[in-house]
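Protein sequences, first through last, are from chains A, B, C and D.
In this text, residue positions in the first sequence follow our numbering: the first is 1, and each later residue adds one.
In this text, residue positions in the second sequence follow our numbering: the first is 1, and each later residue adds one.
In this text, residue positions in the third sequence follow our numbering: the first is 1, and each later residue adds one.
In this text, residue positions in the fourth sequence follow our numbering: the first is 1, and each later residue adds one.
Bear in mind the hints are in silico, worked out from the structure with no lab data behind them.
Owing to the predicted nature of the structure, the values given are computational and were not obtained by experimental measurement.
Mixed in with the good hints, there may be bad ones.
Pairs count within a copy or across copies, as identical chains cannot be separated in the list.
Said to hold, decoys possible - In silico BS3-like cross-links for lysine-lysine, where the CA-CA straight-line distance does not exceed 27 Å:
no., residue 1, residue 2
1, Lys282, Lys16
2, Lys79, Lys298
3, Lys79, Lys290
4, Lys79, Lys282
5, Lys298, Lys156
The lines below spell out each chain.
There are 4 protein chains.
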Amino acid sequence: MIDFQGIIEDIHEDLKNDINRGLVASYIPELFNIDTQNFGIHVKHINGNSYAVGDWSIPFSIQSISKALSLSLVLPIYKDAIWERMDVEPSGNPFNHLSLLELENSIPRNPFINAGAIVIADMMVSHFKNPKQVFLDYVRELSNDQTINFNYNVAKSERLTGFGNYAAANLLKAYNNLENDVDEVLDFYFHQCAIEMTCEQLSNAFFMLANHGKCLQQKERLTQSQAKRINAIMLTCGFYDEAGEFAFEVGLPGKSGVGGGIIALLPNHFTITTWSPGLNEKGNSLIGMKALELFTTKTNLSIF
Amino acid sequence: MIDFQGIIEDIHEDLKNDINRGLVASYIPELFNIDTQNFGIHVKHINGNSYAVGDWSIPFSIQSISKALSLSLVLPIYKDAIWERMDVEPSGNPFNHLSLLELENSIPRNPFINAGAIVIADMMVSHFKNPKQVFLDYVRELSNDQTINFNYNVAKSERLTGFGNYAAANLLKAYNNLENDVDEVLDFYFHQCAIEMTCEQLSNAFFMLANHGKCLQQKERLTQSQAKRINAIMLTCGFYDEAGEFAFEVGLPGKSGVGGGIIALLPNHFTITTWSPGLNEKGNSLIGMKALELFTTKTNLSIF
Amino acid sequence: MIDFQGIIEDIHEDLKNDINRGLVASYIPELFNIDTQNFGIHVKHINGNSYAVGDWSIPFSIQSISKALSLSLVLPIYKDAIWERMDVEPSGNPFNHLSLLELENSIPRNPFINAGAIVIADMMVSHFKNPKQVFLDYVRELSNDQTINFNYNVAKSERLTGFGNYAAANLLKAYNNLENDVDEVLDFYFHQCAIEMTCEQLSNAFFMLANHGKCLQQKERLTQSQAKRINAIMLTCGFYDEAGEFAFEVGLPGKSGVGGGIIALLPNHFTITTWSPGLNEKGNSLIGMKALELFTTKTNLSIF
Amino acid sequence: MIDFQGIIEDIHEDLKNDINRGLVASYIPELFNIDTQNFGIHVKHINGNSYAVGDWSIPFSIQSISKALSLSLVLPIYKDAIWERMDVEPSGNPFNHLSLLELENSIPRNPFINAGAIVIADMMVSHFKNPKQVFLDYVRELSNDQTINFNYNVAKSERLTGFGNYAAANLLKAYNNLENDVDEVLDFYFHQCAIEMTCEQLSNAFFMLANHGKCLQQKERLTQSQAKRINAIMLTCGFYDEAGEFAFEVGLPGKSGVGGGIIALLPNHFTITTWSPGLNEKGNSLIGMKALELFTTKTNLSIF
């Protein structure tokens, strides 16, 4: 029997002195002003047990982690029609690059680069009258926690500074890969990214991906095949242009965000969420990456 | 003594049967509905003589030709500070590509790719309270014709469909190479491109570039050095990714627009404007290119 | 208990009528003249059991599958020093493209694009007096079969037509990422790719990667961590620019070759080799890809 | 009447103190060991007069300047068939980049990037039994000087270190845009670049391009149209990715080489050659560029 609690406490102890070494995202004040001392880990085992250490109960901006959640919401609705508008290949490029998008006629490489996530957001806007509320309700249900909410200041700041996303959305529109108005789609997208969740809430929300599609309440949210596919995309594309490195060092499907959060999981076993706001040069949490590497080494649990 | 009138009449006769072979720009209805039968040539000699044939007195949408005019307005104001925000190298890429722009940190390759022209437009918006009126007055003075005006429907259609330009402007903004609001800059830019002029008006407006900077009224608009530099940029960058071909086949500095117009000039000798709406696959007037090639061959006048 | 033998027989039956739909590699006569009717599957279970159907005992050219074997030979020798000369990120580009290589100063994206495999070959040449014999002995030992050999005609044909590889090797040399002579390194590389093996021999040779580093004879060839890392690279980079698709559809680490072979594996469970020479447009065996997709669907065994 | 002798003496005086500021090409010892103090200018007027100052009579390695000479030799033979194997557009990229070449299916952008010049060399090898002797004889005739010769040590050093050129040639071969053996073509190419000439000899050799195709001895080497076309290519592509800058600052067709030489010309007026081994970061002679800029400013002679 693996002592999960002991292991994450050891990791927390080992790494907490390195917390200040990364750089916090600086493009909006709400992220820049986060206390870099925050460091939390939360594990949700498939058998229902929870293990946690540090600042696992403080909400933070989930940012790009939301892309995996919006994909999981849209996939059962649009099914394979999604893949007519984007691909599932790693991008091999930093996350904000438009170059490949243009060269490839506005077919985003995968649903986790910004352009791909914007197309997913476009599907949300096309399919739902009130996509923001639908998405928020979905995340609350998955996490079994009605307190989860948007940080409207973050959404507003993203809107005021998100020129790269406006560029991407307009490029998609220019190539007929965006059905709705650029402003309407991005309004949803910026709110989706601006949800705040704790490590615990994220571990719970992603439980379905470790549990063959069934969420915490054992309700089938995804077919087994859909869960498997999202996991595959998380492994190959979940960490910007550091996806190969993460698969290599950690060996788990996962998704990171510039708010400093990382969610990872081992099918049939557990989900794990780490939060530490300091980022490495690729935009992934520096301490979170190390914590997950230590976790798979110490538990000897990885997909490989 | 060269018989300019005879030469352009011969060229007009030779080519008029090929008029229908190109394709008219189709992205906005105002351009798409142009009668492809239009074909005009107008030559303005440095000695004041004019020669004309065909539809030289019908106004058409000058589109990208306006980029050379806005550069000529901004250059005496901003001088070399312009080149801190863009380069003077050929792009080697189609005119709407954002890739290079992103790879090169939003320093546009030259003032004639859309992104470069948008930066010039940004300078207009920064420097003038009413840039649209200033630009229109400037063009009217150069052409000595107060009837020149914007086609507001064209400007509106460009705004409604110009997603590629919105993408470029937002990308410039993301990299801090745009001082003003994206919408404000593009509003000016779309009007600048939507001016309508005749072949004669264009030949007159560009007279200063063949005349060492002095316009039709012999007023110094540009220093000799500035005129020379704009000519150099027109030669190397004036025809999208067909600039080398134009230099090779025609051998004159020039600028084309998707409205089917081409202005070209030989310093100390003449300006020449052709108009035929059918475009080749690179977006340059098919018949216009041929007419200019014939013109330099028959007159034996080129810079090379 | 899963009926592996029944499952692969069903798959073989289901797919054998589609055998002729792919295209055989045509760049060298030895590959072009392969009988496309060949179709074999071989499974080696971690418990020692074997299951096989069709042409599993006919040797074929392993081609790029050899890249995983050479990496496994070099990794315990050079250890992390390997990653100073190449990366572990997916390339996001077709397998023969030099562009990224040049843009990234000759640091190949991963050990499975040709340029990366050539750097691994360079390490072999630097470290061993007779790298060809060392490599052959290694493969024979892993497979427990001394009959395995090079096809010298294939190696010779590759040398006479491998201009793309010469281009890559010279580019590496130009950027100081090749220690030995281009010709010497490529001579080894072409032989490495020209080894012929059966499905059974490949399933046996890759056994160590499903068995935490211990080969068929239970000798430790790789540390557990090294085996895990090679698996991670196979998952993210093993199928040219179709790696994401393979992870998505199949969900196993694996490696393909233009000879029509594919090896895949599930750690702790099995290795599986398929062979069908007809390729899809990405250069992977068309029927092999489908067979593996059916296999993971029917057995419900994948890493996700 | 312009005082050419006085002007170039002034320029020489003005710039000689800046001679040491550039960096000498360091990839082969023969170029690296050049005395950076060398600085020569030579003007050949269309009327037959010559003007010279400084080290105009010392031979130096012409390097890429030879590309314009080989093009002028091949053009009358292959005529427009040349343009089926390469284009005439500026590359917009540094001179040794293979990326565009690969993306564009091995059609070099123009005859002055290395890949394009290698295709021209391939034509020489296809058409002549002894292309090296033919080329040397051609250059000697143009310059009216039988003392011109290869520097065999330079050719040998280029061969031993020219991995980038081997990469380009192999890539061309891979895409069927090279008829002969890579080694044979590059042997010619390295010798072509290794010719040594003085400023005077270069001014004389390029006389035909300023004289409508007729060489110093008034023999027609090129048709007027062919001369015009080579001039057009020199203007748009003659200075690596600084061609736009050169057109902008100098305004003359020209060609530079990493040996520190630059040849430029004004049709109907003159050829001018400068030599100063220190290079700027783009690989063009730092002092040579400045000297030519001063020359066109002081004489007020440029094509624009």
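Okay, the hints, checked on the actual structure:
1. Lys282 with Lys16: within (21 Å within a copy, 46 Å between copies)
2. Lys79 with Lys298: between (38 Å within a copy, 21 Å between copies)
3. Lys79 with Lys290: Cα proximity of Lys79 and Lys290: across copies only (20 Å, versus 35 Å in one copy).
4. Lys79 with Lys282: between (31 Å within a copy, 24 Å between copies)
5. Lys298 with Lys156: neither (41 Å within a copy, 48 Å between copies)
In this structure, only the earlier hint numbered 5 is contradicted, and the remaining ones agree with it.
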